[in-house]
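Please arrange chain Z on chain V, whose structure you already have, making use of the hints.
Line by line, the protein sequences are chains V and Z.
The first sequence: position 290 = 289 (numbering that gives the first Met the number 0), numbered continuously.
The second sequence: position 283 = 282 (numbering that gives the first Met the number 0), numbered continuously.
The set of hints was computed from the structure by calculation and includes no laboratory data.
In this text, a Cβ means the ideal position worked out from N, Cα and C, and glycines have one as well.
Be aware that a few hints might be false.
[Stated by the list, open to error] Chain Z side only, calculated, beta carbon under 8 Å to chain V, not exhaustive:
| # | residue |
| --- | --- |
| 1 | G186 |
| 2 | G211 |
| 3 | L214 |
| 4 | T236 |
| 5 | V239 |
| 6 | S240 |
2 protein chains.
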Amino acid sequence: MKILIDAMSGDNAPLEIIRGAAMAAAAYDCEIMFIGDEDTIVNLASENNIEINRSNIKLVHSSSVISMEDAPLSVVREKSDSSMAVGLKMLAAGEGDAFVSAGNTGALYAGATLIVRRIKGVKKAAIATVIPFARPVLLLDSGANVELPAEAYVQLAQMGTIYMRSIFGIPSPEVGLLNIGAERTKGTKLLVEVYNMLEQDPTINFKGNVEGKELPFGVCDVLVTDGFTGNIVLKLTEGVSSFLLSKIKEVFYSNLITKASALFVKKGMTNLKNEYNSSQYGGAPLLGISRPVIKAHGSSDAEAIKNAVRQAIGYINTGIIYEIARLTVGDELGE
Amino acid sequence: MKILIDAMSGDNAPLEIIRGAAMAAAAYDCEIMFIGDEDTIVNLASENNIEINRSNIKLVHSSSVISMEDAPLSVVREKSDSSMAVGLKMLAAGEGDAFVSAGNTGALYAGATLIVRRIKGVKKAAIATVIPFARPVLLLDSGANVELPAEAYVQLAQMGTIYMRSIFGIPSPEVGLLNIGAERTKGTKLLVEVYNMLEQDPTINFKGNVEGKELPFGVCDVLVTDGFTGNIVLKLTEGVSSFLLSKIKEVFYSNLITKASALFVKKGMTNLKNEYNSSQYGGAPLLGISRPVIKAHGSSDAEAIKNAVRQAIGYINTGIIYEIARLTVGDELGE
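This is chain V alone, in the form it adopts within the complex:
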């Protein structure tokens, strides 16, 4: 199986992307296809002793890069020759089995929707991110659509259910609706409507409304919300975690005795920090797109890219896309 890698996008691109994908090429049974500036990639690999002259690593040249500031539609307009656009076009044409990018989320989502296309019958594709709480929870939509119609929430719940069953092996994933109270009458009119629809859907194991306070303690496997609220949840969780960990560091560094005691809990604290390190979880799939597109975190290091490749392989192997297609409308893929 061939994994297409956007070598040029992300905070640490291209070096960490190349390094991580080369690690994946050595570790997994797959072929890596870099898309990016040929000279840059070859020179960087040589300077940093990254082994890209393997039989299972190939390279396709592209001449531009989509930056974080570029508009989403640049991927199909002025930057249609970018590493992201070229990779998506190759994926759409069947010249690869999955595409991994750590680049501009808006552009990747727009490109995936316009170039690769949604699965037939899917109203809105979504970015699905696993948050490593007491019980890992799949948050979707975590940033693609700032608003969603009621029916789209139901599809998100269905797609999330299939994902958590296939990838995490949970027989009947529990689905929660993010809201500001447990009662079915809470939140906006739209959310009250969504609650009723989720409750009636026989393919969903709906657990009702979920509040932010209980979320980290493991109340559901799939959490559905619009991309605005989802993105706030994702970034705030990251912000509050890193803020608290920095405050705890201050406690340890306050004097010599606490500094000494820090030595004894160092391993435990590092493990804890690693648990909440996004690089362990790889990337976020764009659920609802007709071929596997994986969004790696913008700040991905080599380890995160390697994990995103592993995740892409799992995504292909488990046939999630076919299962979604069966649920939405027969077996056809692509609109």
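Coordinates of chain Z only, in the frame set by chain V:
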């Protein structure tokens, strides 16, 4: 000055409410007026050695209580004889200078709006909560209105500015708009419109969009958002904090040596925990209501109630309501 106290509402009512308000009566120059079931309050105070026979503590009987499950409008309908409803009516009639309740937020907000009334010209009152991040941030609306028109965001920013200037002494509080990206084009159409309006308002020191990731590290003094998103932010911050602190406890309790080292950092950790303990901050004012209404946290203990009374006194003394009225429409109060 006379502080009206809803003695019957909240997770720890009436005992902790009575205890806290009695502490406030002893500590501050004010009169405490309990509203609640007379026999219950007198008996509880006597059983627990709470000194309520002071000259500055009085009691008004009310026969019912609004529960967390009651509908917001119950405060003006079937439970118009409740401690909350009676207290709000006394406040509206000038029989007290402020009202403190740890009860049902929806009912308190509905009662404050319908019985006490908004300041003339104020479109939507809001619950304003201080989150104790690196730099304390006033989050509003933190739960009253699930949706807001664009003009209401601007008023929230104005009222929040007045509050942080008056209570925290910040000369020109920085206002942020909660959003999913820094660029002015981010978020919903409504938020793009709000961005433009905030930018043009000469009474607001607008710093632009603020993301959840940076929020804990002190980027603004006032954060405006709708009550749905605000409530999610508030509860998620609480959830993620208590989850992480519980994980850290596990690290310390993993073996004898780490348990021993826990002793040395115990004080620092307790301080840290207290910093994030909502009882230190008292309650959340309902900004935009024509008289001071303070929402204490549902799980308030005596300390939190005492602090909420202190906060009510400060709210009265600083004349925030008059300042808001001057800004919105002349000097009139009440619609």
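Satisfaction of the Z:L214 interface hint, Cβ to chain V closer than 8 Å: holds (6 Å)
Using Cβ atoms only, decide whether Z:G186 comes closer than 8 Å to chain V, and label the hint accordingly. Status holds, d = 6 Å.
Is the hint on Z:V239 kept, meaning its closest Cβ partner in chain V is under 8 Å away? holds (4 Å)
Does Z:G211 hold up as a contact with chain V if the rule is Cβ-Cβ below 8 Å? Because about 3 Å separates Z:G211 from the closest Cβ in chain V, which is inside the 8 Å limit, the hint holds.
Could you check if Z:T236 really has its C-beta closer than 8 Å to a C-beta on chain V? For Z:T236, the interface hint holds, since the closest Cβ of chain V sits about 5 Å away, which is under 8 Å.
Min Cβ distance, Z:S240 to chain V: is it shorter than 8 Å? Since chain V brings a Cβ to about 6 Å from Z:S240, closer than 8 Å, the hint holds.
When held up to the earlier numbered hints, the structure conflicts with none and fits them all.
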